[in-house]
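2 protein chains.
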Amino acid sequence: METMTNAITIEKSKTSKIHDVDFENLSFGSTYTDHMLVCDYVDGAWQTPKIIPYQPITLEPSAKIFHYGQSIFEGMKAYKDEAGKAWLFRPLENHKRLNKSAERLAIPELPESFFIEGLTTLLQLEKDWIPETPGSSLYIRPFILASGTGFHASPADAYKFIIACAPSGSYFSGKVRVLIEEKYSRSANGGVGYAKAGGNYAGQFYPTQLAIEKGYNQVIWTDDNNHEYIEEAGAMNIFARINDTLITGPTSDRILDGITRKSILEIAKDEGIDTEVRNITVNEVVQAAKDGTLKEMFGAGTAAVISPIAGFGYKGVDYDLPELSESYATRLKKRITDIQYNRAEDKFGWRYEV
Amino acid sequence: METMTNAITIEKSKTSKIHDVDFENLSFGSTYTDHMLVCDYVDGAWQTPKIIPYQPITLEPSAKIFHYGQSIFEGMKAYKDEAGKAWLFRPLENHKRLNKSAERLAIPELPESFFIEGLTTLLQLEKDWIPETPGSSLYIRPFILASGTGFHASPADAYKFIIACAPSGSYFSGKVRVLIEEKYSRSANGGVGYAKAGGNYAGQFYPTQLAIEKGYNQVIWTDDNNHEYIEEAGAMNIFARINDTLITGPTSDRILDGITRKSILEIAKDEGIDTEVRNITVNEVVQAAKDGTLKEMFGAGTAAVISPIAGFGYKGVDYDLPELSESYATRLKKRITDIQYNRAEDKFGWRYEV
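Which chain is which? The protein sequence lines are V and Z, in order. If you read the first sequence in our numbering, its first letter stands for residue 32, the second for the next number, and so on. If you read the second sequence in our numbering, its first letter stands for residue 32, the second for the next number, and so on.
So here's chain V without its partners, still in its complex pose (with noise of 0.2 angstroms):
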């Protein structure tokens, strides 16, 4: 691990918004803190991390970002105990996944101590603006920007890291109707979809937009070759309960590695849950709901944690799912989320003290 030789500076905000912000009522991601950690990759190396008041960016026209798509984000929450304790889930998780995104995407990797000093420093800053409203969390986006410019096609020479956060409640409200893609993709096999990559996100808007426009929430994402296999719901993975096996795909350069896929799978298995990780054809789900085995099937992720799903179209045909009392999707968000708030034991070793 190498270790930062200068310390973290801090610019403090003359003043401070939060006493303007409805704690009560948070949207998803749209409400900032008032500060955000910039870090610069310039003359070969990054920069000592420094904390400054939430302002907006500036950058030249030809920065690559604005025309070559050259950018990795990863997504992280803060969550605030009964006693007041700020904590953090898995946060080397996402160090790992944004270098990984990093090398795909040809930027710089970054020290894991820039990601976790710079976070725990910015969130000792800014403690208050973690939510305590139940279900509600501080919701953190690091994101790497190519700032380096030019108009060739290759990768820049000057990059930015960032760090803002955001008080949020919930990314969906209740479940959520999905259309099983047989058209659009998100990813092909060699390709950028493991990495959360800026560009896999855009690719997704327009197909996303014709889901809801025939009135379902989101897309499930099939491979690109047959549209045959089930990978992805949205910007989350995908789970499905047949019968009580609890499936989801294998990870691939195709499918993003989940923090909370592979988290939901480990506690599935210390519930007792038979899980299977292999590939989930849309024959095998649509067969299921047909015949009644299909009990369930959720997204995963950090942003909507479990996010079940009521029901799917498929070729012009709607499928519900079953309303279950005891589904797997709200034991295992309960016991998940009792682990990130700090309200069970944390056996895992996943909760990560602010």
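Derived by calculation from the structure, the hints in this document are not laboratory data. For every residue, glycine included, the Cβ atom is placed at its ideal position computed from N, Cα and C. Incorrect hints may have been included.
What the hints assert, rightly or not - Beta-carbon label-pair distances, calculated as ranges:
no., chain 1, residue 1, chain 2, residue 2, range
1, V, K48, Z, A76, 27 to 35 angstroms
2, V, K346, Z, T164, 55 to 63 angstroms
3, V, K43, Z, P84, 51 to 59 angstroms
4, Z, P84, V, K48, 26 to 34 angstroms
5, V, S44, Z, D288, 43 to 51 angstroms
6, Z, T40, V, K365, 27 to 35 angstroms
7, V, E213, Z, G115, 51 to 59 angstroms
8, V, K346, Z, N56, 57 to 65 angstroms
9, Z, T40, V, E42, 35 to 43 angstroms
10, V, T89, Z, T164, 29 to 37 angstroms
11, V, T89, Z, K43, 19 to 27 angstroms
Starting from the known structure of chain V, fit chain Z onto it as the hints suggest.
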């Protein structure tokens, strides 16, 4: 065609940088002119464009361009003829493609008049910046970025359309050696490969770096399924000449509908060259290289015009292409640049006077 209700406003730069520029030794896309065009999409409509001094752009840290790669661009050139007149090449095609890209990236379409009037007004102001040195031109970069804010993964509600210009020399110097890709890929069926979306380019950087480390200049992209078909060359379309037939792949949702590509096809037909638009397999190219029937390969695109390929690597073997005294690449490049620089008759009606 929508027309603008208000005239474009022009705020002139107080000083010019033009005398600092060495027009005899221009690199590609790294020196920018005195002015830029900016047009904002807010409140559900594109506002009247304005021309302002070339200057940095200021955006919120939560602007969606930084997180979700929602951006598209075009590449164009302005050419100066011997009489000092300035010309564009098929600019309406760029506008059409910009809007095709916009649709796929869930960006509001830009009216034709905003594009064409904005572009010509800017170029009239920047006319002195169009190089007169042979092989040089004014590279023009129209682009749209998502300026609207929020960490919710959904389309932005505000955008900026910008045109910036850079007097430029050649994109590549001399012939390139390319590596036929066996692992990575550029685009998916049902994806955004046909759009000039920022994210399509960032995803190419890492595989291209790996190819450069092996001694090649560019990657030849193949399909993501079996890496069986040749699709694009770096950020260009690709042509192969087997015996005397000029072949290029069909456009699809994976392949960019290049303006140089389709112009070259028309010129080749006009020159009496046999052309085929069909899938090209890696196997046939390797086989043709072995038996000597592969006479030429070249990339075609606005930035590089025609970029001849000296040889390619595939599965650890290098194949050299012959040096021809009468290559299609040279002949077609002369035909198209003669039209672009107003040195020859424009029977196709492609030139557009600024």
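Given a hinted range of 35 to 43 angstroms, is it respected by the beta-carbon distance of Z/T40 and V/E42? holds, 37 angstroms
Status of the given 51 to 59 angstroms range, CB of Z/G115 versus CB of V/E213: holds, 55 angstroms
Go ahead and decide if the range 27 to 35 angstroms is satisfied by the Cβ distance of V/K48 to Z/A76. holds, 30 angstroms
With 27 to 35 angstroms as the target window, see if Z/T40 and V/K365 comply at their CB atoms. violated, 58 angstroms
Can you let me know if the beta-carbon spacing of V/T89 and Z/T164 is within 29 to 37 angstroms? holds, 33 angstroms
Can you tell me whether the CB distance of Z/P84 to V/K48 sits inside 26 to 34 angstroms? Cβ of Z/P84 to Cβ of V/K48: about 33 angstroms, so the range 26 to 34 angstroms holds.
55 to 63 angstroms was suggested as the range; check whether the CB atoms of V/K346 and Z/T164 agree with it. Holds: the Cβ-Cβ distance is about 59 angstroms, inside 55 to 63 angstroms.
State, for the Cβ atoms of V/T89 and Z/K43, whether the hinted interval 19 to 27 angstroms holds or is violated. holds, 22 angstroms
Evaluate the given range 43 to 51 angstroms for the C-beta pair formed by V/S44 and Z/D288. Holds, at about 49 angstroms.
Quick one: are V/K43 and Z/P84 within 51 to 59 angstroms, going by C-beta? 34 angstroms Cβ-Cβ, so the 51 to 59 angstroms window is violated.
Evaluate the given range 57 to 65 angstroms for the C-beta pair formed by V/K346 and Z/N56. holds, 60 angstroms
Of the numbered hints stated above, those contradicted by the structure are hints 3, 6, listed in ascending order.
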